[in-house]
Amino acid sequence: MSVLLIFFLAFAAVVAVVVFWAIGAYNGLVALRQIVRNGWAQIDVQLKRRHDLIPNLVETVKGYATHEQETLEKVVQARGAAVNASGPAAQGKAEGALGQALGKLMLLVEQYPDLKANQNFLALQEELTSTENKVGYARQAYNDSVMAYNTTIATVPTSLIANTFGFGAEEYFEITIAAEREAPKVSFN
Amino acid sequence: MWEAIRANRRRSTWLMLAMGVVLLSLGASIGILTVSWRGEPTIDDQLVGAFFGVLVGIATWIGSWIYSAVDGDRAILRSVGAREIEKKDHPRLWNVVEEMSIAAGMNGMPRVYIIDDSAPNAFAVGRTPEKSSVAFTSTLLRTLTRDELQGVAAHEIGHIVNEDIRFMTQAAVLVGGVELLSRFFIRVGPFAARGRRSSGGGGGTRMVVAVSPS
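Line order of the protein sequences matches chains Z and L.
Heads up: the first sequence begins at 1 in the numbering used here, then just goes up one per residue.
Heads up: the second sequence begins at 190 in the numbering used here, then just goes up one per residue.
Because the hints were derived from the structure by calculation, they are not lab data.
It is possible that part of the hints are untrue.
To be verified - Examples of chain Z residues toward chain L, derived with CB under 7 Å:
| hint | residue |
| --- | --- |
| 1 | E126 |
| 2 | N133 |
| 3 | K134 |
| 4 | Y137 |
| 5 | A138 |
| 6 | S145 |
| 7 | A148 |
Stated by the list, open to error - Non-contacting residues of chain Z with respect to chain L, defined by C-beta distances greater than 10 Å in every case (computed):
| hint | residue |
| --- | --- |
| 8 | Q69 |
| 9 | L107 |
| 10 | A123 |
| 11 | E127 |
| 12 | S130 |
| 13 | A141 |
All C-beta atoms in this analysis are idealised placements derived from N, C-alpha and C, irrespective of residue type, glycine included.
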């Protein structure tokens with residue numbers, strides 16, 4: 001066996017190893033991205049459900065709380081914005097605003113004992129609470145999967161494959177509530 | 190009834206291992222007693238009897254394992270009078286179970302059952318997380334707040350996800366194997382109750398079967 005042949009075989013072996021690694025890395029990235037997408041689908045289902053519940057809620061509240069037009073209006077607007085938002089980051093923001101508007105509405109409802117005793121309203125409240133919880137739990141799984149995926153596409157050597165085949169970073173889903181971001185003001189007067 | 194759950198769970202590991210030994214020795218004893226039925230058997234007769242007894246014991250052991258895999262969860266749920274519900278029967282319970290399934294990262298959710306009982310309790314059964322069930326007593330549902338119920342559901346889903354339930358269900362059904370063997374013994378053995386069909390006897394075992402998993 002000539003020296004040249006030995007070198008050629010060694011080179012071929014190295015190329016083969018690299019190719020196999022690249023295929024494995026590519027498939028790994030595809031799998032991670034699928035997990036992210038599946039996680040998002042879980043959240044999306046719940047968000048749609050939430051959006052579907054709100055018109056019902058508004059109708060029910062309207063019948064009892066006639067003086068709360070403004071608050072109801074805000075809820076409807078926030079819902080519209082949330083329905084139209086697209087992408088995890090934008091949707092998270094819109095959902096935060098919707099949550100805030102709903103929270104205000106639920107506070108007002110406290111003043112209407114008849115409404116609070118309404119079976120339809122109670123059922124809607126249960127569904128809304130549950131949907132919110134489900135969004136929260138699905139969010140944990142989704143964000144975990146985004147972190148795993150984003151870390152993989154950003155670290156060497158998988159980043160080479162990710163860049164070559166256009167695997168971009170995914171957005172986290174955070175329900176941002178404006179008031180939550182502000183630091184509490186403390187004064188010692 | 191529910192107090193026994195805790196005691197049973199502590200012993201269930203031991204039970205699982207011992208059950209094979211118990212069933213085999215029980216089978217062997219039955220075999221020997223059966224051949225000793227009339228007169229003095231030879232050593233060979235006794236060995237043959239023991240051999241067939243052991244075969245019956247093994248068959249019971251394997252049979253109850255298969256049974257626990259195929260129908261174990263439903264048998265347990267039946268024995269405590271649990272009825273399966275849909276979302277509309279108890280939306281809050283259904284939602285709480287669904288929420289906890291999502292939180293635990295399960296594929297789908299377990300079937301949900303309600304048991305009419307004066308004690309507040311809950312348990313999970315099933316062979317795999319995909320084919321699992323959770324049951325809650327009516328009293329539990331009446332007395333707990335939503336958050337508290339969520340805690341209980343989380344606990345039971347934890348059993349499902351950690352696959353405690355498979356072991357529990359199998360252990361519970363294996364106990365039923367003893368009942369099977371004892372019936373065999375009563376029917377064909379030297380002390381067989383002749384001319385009288387035994388109608389009782391199942392209740393006690395069914396109780397044990399029911400209380401094993403929690």
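Hints, one by one, checked against the model:
The interface hint given for Z/E126 holds, since its Cβ lies 6 Å from the closest Cβ of chain L, which is under the 7 Å cut-off. Interface hint at Z/N133: satisfied, since its Cβ lies 5 Å from the closest Cβ of chain L, which is below the 7 Å cut-off. Below 7 Å, beta-carbon pairs count as interface contacts, and Z/K134 has one with chain L at about 5 Å; its hint therefore holds. Here the hint on Z/Y137 is kept, as its CB sits about 4 Å from the closest CB of chain L, short of 7 Å.
Interface restraint check: Z/A138 against chain L, minimum CB-CB distance 5 Å, threshold 7 Å, status holds. Given the 7 Å rule on beta carbons, the hint for Z/S145 is violated: about 10 Å separates it from the nearest Cβ of chain L. The restraint placing Z/A148 at the interface with chain L is violated, with a minimum CB-CB distance near 13 Å, outside the 7 Å limit. Look at Z/Q69: its CB is around 30 Å from the nearest CB on chain L, clear of 10 Å, so calling it non-interface holds up.
Once the 10 Å rule is applied to beta carbons, Z/L107 is consistent with being away from chain L; the minimum gap is 19 Å. Not every CB of chain L lies more than 10 Å from the CB of Z/A123, the least distance being 7 Å, so the non-interface label is violated. With 10 Å as the threshold on Cβ separation, the claim that Z/E127 sits away from chain L is violated: the shortest Cβ distance comes to roughly 7 Å. The beta carbon of Z/S130 sits about 4 Å from the closest Cβ of chain L, which is not more than 10 Å, so the claim that it is off the interface is violated.
Its beta-carbon lying about 6 Å from the closest one in chain L, Z/A141 breaks the requirement of being farther than 10 Å from that chain.
Of the numbered hints listed earlier, those contradicted by the structure are 6, 7, 10, 11, 12, 13.
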